[in-house]
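Put together the whole structure using the sequences plus the hints.
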Amino acid sequence: MNNANAEAIGQSMGTLKQVDASLTGECCGHYLRVRVDIEISQPLSRGHFVDMGDSDPLWISVQYKWLPVYCYWCNLLNHDKKDCKTWTDSGGTLNKEEQQYGPWLRVSMHNIQQPQIVNMKTTQTTPPPPPHRPTPFLFAKATPPTANTSNPLSPPSSFDTSVTLA
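63 is the number that the working numbering gives to position 63 of the sequence shown; each next residue is one higher, with no gaps.
It is possible that some hints are incorrect.
Derived lysine-lysine pairs resembling DSSO-like cross-links, with alpha carbons at most 30 angstroms apart [to be verified]:
#1 85 - 65
#2 81 - 65
#3 85 - 96
#4 82 - 65
#5 96 - 82
#6 96 - 81
#7 65 - 96
#8 65 - 17
Source of the hints: derived by calculation from the structure; they are not laboratory data.
This one's a predicted model, so the numbers in the text were calculated from it and none came from an experiment.
In structure tokens:
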């Protein structure tokens, strides 16, 4: 499948906005993704035939990504069976086997290939440098030695130590 075929399919569904293709124009995988503006007041398409040029028309099944609430009976958006005119007009007697629409119109998130995330662990050959911490400094005020070096707790000799009691 190539970009031209994807554009033809998208244009047959509505107003083509974007084709998910590689840089070379190839569309690979089990699914082809196109972004298309559609008329939401009309029933969703289950699929349709697309003329591919050289061969017979090809049936293209359609699935919708991020599909909001829609009704399996009338295939219109924004309501389910409890609010469906087709369902209420029948008095609730319709058989589920008669539904032509169903959850298969939604893209299953299991079918979408998720981007691969690879974590590369590297080993360091040298240990990381330690964080920079300044070397602590001890600041002390230098004082000249005192005359009384025998007992550091005694006052200097210049002090008057006489006490007079009155």
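Okay, the hints, checked on the actual structure:
{"no.": "1", "hint": "85 - 65", "in the structure": "holds, 25 angstroms"}
{"no.": "2", "hint": "81 - 65", "in the structure": "holds, 21 angstroms"}
{"no.": "3", "hint": "85 - 96", "in the structure": "holds, 16 angstroms"}
{"no.": "4", "hint": "82 - 65", "in the structure": "holds, 23 angstroms"}
{"no.": "5", "hint": "96 - 82", "in the structure": "holds, 14 angstroms"}
{"no.": "6", "hint": "96 - 81", "in the structure": "holds, 11 angstroms"}
{"no.": "7", "hint": "65 - 96", "in the structure": "holds, 24 angstroms"}
{"no.": "8", "hint": "65 - 17", "in the structure": "holds, 15 angstroms"}
In this structure, every one of the numbered hints holds.
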